[in-house]
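For the sequence shown, the tail end lands on 376 under the numbering used here, and the numbers increase by one without skipping.
Treat the hints as calculated values from the structure; they're not laboratory data. Hints should not be assumed to be uniformly reliable.
With a straight-line cut-off of 27 Å between C-alpha atoms, the simulated DSS-like cross-links for lysine-lysine are [to be verified]:
#1 K33 to K132
#2 K149 to K33
#3 K306 to K33
#4 K34 to K165
#5 K30 to K272
#6 K132 to K278
#7 K232 to K272
#8 K305 to K241
#9 K339 to K353
#10 K272 to K305
#11 K34 to K272
#12 K132 to K305
#13 K318 to K149
#14 K305 to K33
#15 K138 to K272
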Amino acid sequence: MIPTIATIPLFQLASGEFLSLQVYKFIGAKSGKKVYIQSNLHGAEIVGNAVIYQIIDFLTTLNNTQIIGEIWLVPVCNPLAVNQRTHNFSTGRFNVYDSQNWNRIFWDYEEQHDDIEEFARSQICLDIDTIKYNFSQKIQTSFDSLLDKINAPSSVQLTDKYRYKLQSLYLDADYVIDLHSHTGEGIEYLYYFQNREDSANLFLLNYSILFDEYDGDAFDESFIKPWLALEKTLLKLTGQKMIFDKEAWTLELGTGMQMNADSISKGVRGIKNYLTQKSILEIQDLTQSKTISHQTNFRSLSQLKKYWSPVGGMILSKAALGTSVNQGDLLYQVLTFNKIGELPTTIHVHAEKTGLVYDISINNSVNEGEFVLATM
């Protein structure tokens, strides 16, 4: 099938050109869930664009009866960040206008409102589908009110306008997938939220990291946190566990500024399997055998350990990506030039605890306090 393609203007540049988004919508013959998939929110994290391209290419081989519901895909979802450069390096992690991380800017209903318990009390006697609909309407109404400020004569800054247009695409979705990569070198894994472990396994990645703490205002968090808060409140009020069919995922697919074929393949395979097992796609060739045999390794965000250089200098050696280390193992060495009338020295840094090296800086020249690597 051929998707519906919509072009959405974001904002106008001083020279007159408009930056815009392009949305590819695959709408099935039968109604069902809505899936929203985007890539390249951070400028250097380009691999998701190739994943989306291959997903689009795959979906065009299907007919509309094989899609139940809707799949919306938005590659290069942040044109400002994608086009940002320092020398010939893609940067685009932070907004140059206000220095904010592009993935810490999003509107979160839970943060803006303290009425979730009041709402939950009013819904106790209702079935889960009705509660889901009512809460969706409540979130949508609050979100729509942001437009008044945007359209006012004083308007809003670029960040607020951008997040409104991007979030308006996913607000009525059931499943949200945000495709990222590392800034430096990294392995493939995903971030997931409470009570979504079974679905995390559907992506067929080797590692999944639970958000047991939050940085705040990230894209995936802004979508799912209100629903998690409602689930927690209903459990407290009724003693019964109620899980809404709402899921948000961030897939970290390898190394930044690169289109690594293996990372792309893992992303495409995982998304196709997820869509099939969630009954968004009806495809005979994709069976549950891989899902049943696969078991992801679960970690929590609080278990991750980042290592920052204790001195300025040059990294002589460091543990390779994917290396398992034990407490006390050598992680990396820094050659430091002290400039105090002494010979250069080498500093040895050892692992504080057992873990797997999953993220490595690509720059072997470090100032004191710069990131070197991380373990999970």
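Would you pick out the hints that fail for this structure and give their numbers low to high? 2, 3, 7, 8, 9, 10, 12, 13, 14 and 15
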